[in-house]
Amino acid sequence: MSDVVLNKIVKRYGDITVVHGIDLHVKEKEFVVLVGPSGCGKSTTLRMIAGLEEISDGALNIGDRLVNEVAPKDRDVAMVFQNYALYPHLNVAENIAFGLRIRKTPDAEVKNSVAEVAKTLGLTQYLERRPADLSGGQRQRVAMGRAIVRHPDVFLFDEPLSNLDAKLRTQMRAEIKRLHKRLGVTSIYVTHDQVEAMTLADRIVVMRDGRIEQIGTPMELFNNPINTFVASFIGSPPMNQLDATLGMHDGDFIAPTGAGSIRIKASVGLKAAVGKKIVIGIRPEHVSAEPIENASELAIELDLMEPLGSEALLHTHIDEHPFVIKAETHGAIDHLQKLSKIYIDASKVTVFDAETKMAINSPNQEFK
Amino acid sequence: MANKRSASERVALLIRHFRREWQLYVLLAPTIIWFFLFLYKPMYGLQIAFKDYSVFRGIEGSAWVGLEHFRELFHNEQFTRAIKNTLILSGYSLVFGFPMPILLALGFNEFTRAFLKRTTQTIVYLPHFISTVIIAGIVISAFSPSVGVVNLFLVKLGFDPIYFLTKPEWFRPIFIGTGIWQEAGFSSIVFLAAIAGVNPSLYESAVVDGANRWQMMWRITIPSILPTIIIMLIIRIGNILEIGFELIILLYQPSTYQTSDVISTFIYRQGLQSAQYDLAAAAGFFNAVVAFVLVLTANTISKRVSRTSLW
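As they're listed, the protein sequences go chains A and B. Our numbering puts the last residue of the first sequence at 369; the count rises by one with no breaks. Our numbering puts the last residue of the second sequence at 352; the count rises by one with no breaks.
One or more hints might be untrue.
The following label-pair restraints were derived from C-beta to C-beta distances [as the list claims (entries may be wrong)]:
(1) B:256 <-> A:305: 22 to 30 Å
(2) B:263 <-> A:305: 26 to 34 Å
(3) B:237 <-> A:239: 53 to 61 Å
Residues of chain A placed beyond 12 Å of chain B at every Cβ, according to the derived structure [what the hints assert, rightly or not]:
(4) 24
(5) 72
(6) 78
(7) 81
(8) 83
(9) 91
(10) 96
(11) 150
(12) 169
(13) 184
(14) 196
(15) 311
(16) 323
Note that these hints are calculated values from the structure, not bench results. All residues carry an ideal CB built from backbone N, CA and C; glycine is no exception.
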């Protein structure tokens with residue numbers, strides 16, 4: 002097991018720079034997820050770690066070795082690809098054994114390793130089948146088996162669940178998490194799906210335009226997004242964002258909106274922003290449909306309701322901005338359909354500078 | 042059956058279908074007409090293989106003779122020699138000519154410099170676009186005993202000039218070599234296309250697993266293009282009796298008939314030069330039946346062995 006250290010890593014294609022000097026320290030046994038929209042440089046970063054892309058600038062260390070110039074096979078990493086990358090002409094056993102055969106591992110050892118991995122992944126009964134005869138989930142498991150069998154220092158996952166349907170994705174997500182728990186191998190996982198990132202990661206790295214926006218644990222990112230981009234990227238549905246001007250009323254910080262004034266809990270930095278344009282961030286799950294003490298009350302008109310079972314997503318508009326509320330149904334939705342007032346706890350409001358888009362306060366920290 | 046449509050309903054459905062899809066049928070029509078006129082209609086004339094055909098009596102008026110022409114053919118030494126030569130030339134061109142485009146495609150795939158790859162490809166594709174008559178002219182000039190580059194080279198090395206094109210033992214290598222030179226490059230396009238279709242992440246995954254270029258070629262590229270290789274092989278086997286007729290006609294001469302006369306040249310001489318249309322039709326019919334059996338056999342074997350087949 003090794004840690005992976007990226008030091009000012011840059012990737013250029015001719016005159017175009019796609020990764021702008023990123024720094025990241027993935028600790029031994031850690032599960033780090035790189036997340037971001039398409040084209041943010043997350044896959045390129047992963048491919049640089051794997052050795053499939055040259056590093057234009059900066060230093061990459063795996064363990065205590067500088068590996069910039071080291072061939073992929075000598076980096077002791079294993080990669081799982083989005084489209085499984087299974088050899089269609091080989092059966093499951095031969096696919097899993099491929100890396101070992103290339104390294105001329107003795108036959109008996111190959112057989113034992115394949116059997117062991119197949120058992121771990123529940124593939125024993127499919128060993129003789131070809132990839133074409135397997136389901137998507139089984140194929141992805143074979144792809145993981147091929148990575149596991151070599152006992153690498155680092156696992157690299159490039160959107161491994163993107164080709165699976167929603168149900169299978171949830172199932173495989175849990176399997177990957179379980180596997181990481183059992184094997185404890187340092188893992189770097191790329192996805193554009195924030196749910197995968199939240200559920201799998203020890204730490205999440207949010208990327209945009211080849212730069213790291215924020216690194217933190219899932220809950221840190223959820224509770225204290227550093228800017229509006231992270232706020233809108235992490236969380237499902239994303240954080241509601243409203244434009245307003247920060248004001249003060251009776252010693253309280255307030256943000257007036259068309260639906261009513263929203264009180265904001267005092268914190269360092271807010272005072273300097275009084276009178277300035279701000280963006281208020283409120284998570285859909287932090288909006289209450291029932292009155293709560295000391296909460297700001299907003300008058301709304303519902304546009305649409307999406308019942309999800311135990312919860313429902315209620316859509317409305319405040320000052321022309323779409324605003325989503327995640328409300329408990331308690332088994333019925335009738336009472337939500339008539340909803341005309343919502344309540345917002347002052348301590349759950351994040352404030353961003355309208356110009357820089359950076360967070361001014363963090364609701365879960367007294368002082369930032 | 043209660044749920045079976047009546048004839049009038051079926052006709053109505055068909056009319057509606059044609060009205061809706063007529064553009065597709067218009068697009069399809071030229072090919073169907075071509076097939077009919079040039080491949081199916083001539084089949085009517087096949088019956089002369091079983092008749093004592095006379096141009097004056099016509100196909101209808103000629104008397105049936107059963108398998109008489111086939112008996113005659115198999116008692117004709119020239120015909121059995123032509124079958125033997127066809128099989129030998131086809132066999133050699135299959136063994137030496139078939140793998141060549143595959144090797145070329147694999148080679149092109151390994152070029153990392155685009156300019157070098159493009160230039161080499163153009164050079165090997167070019168002979169395909171030269172008319173066979175000119176190719177034959179080049180070959181005849183190259184092997185000429187007096188001014189041919191090959192003989193000039195041999196003389197330089199101290200050997201006597203060889204009359205390559207009049208010696209039966211040299212016909213096969215020259216024919217096979219010319220065929221490879223003319224077609225191997227262009228035929229490699231099919232295999233290059235197959236290689237281009239191989240999922241790039243298979244190679245990336247192999248690189249991470251530690252495979253070198255040689256291992257990737259053996260373990261990924263070749264197995265991945267195997268279905269294409271098999272399809273091409275089946276087609277090639279189907280054409281095994283239709284060996285390059287034009288090139289043989291242009292290169293052979295009576296002194297090399299012993300190794301160069303094949304079924305198609307035999308048919309040409311019998312049918313057109315000696316006007317024995319019925320005998321030539323019988324030879325052609327035999328040729329087609331054997332080719333059909335060969336394709337069926339190759340397809341069945343391939344289906345069983347590699348799960349790949351034409352149909």
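Inset, instruction - Hints the structure violates: just list their numbers, smallest first. - result: Hint check: 1, 2, 3, 5, 6, 7, 8, 9, 10 and 11 fail, others pass.
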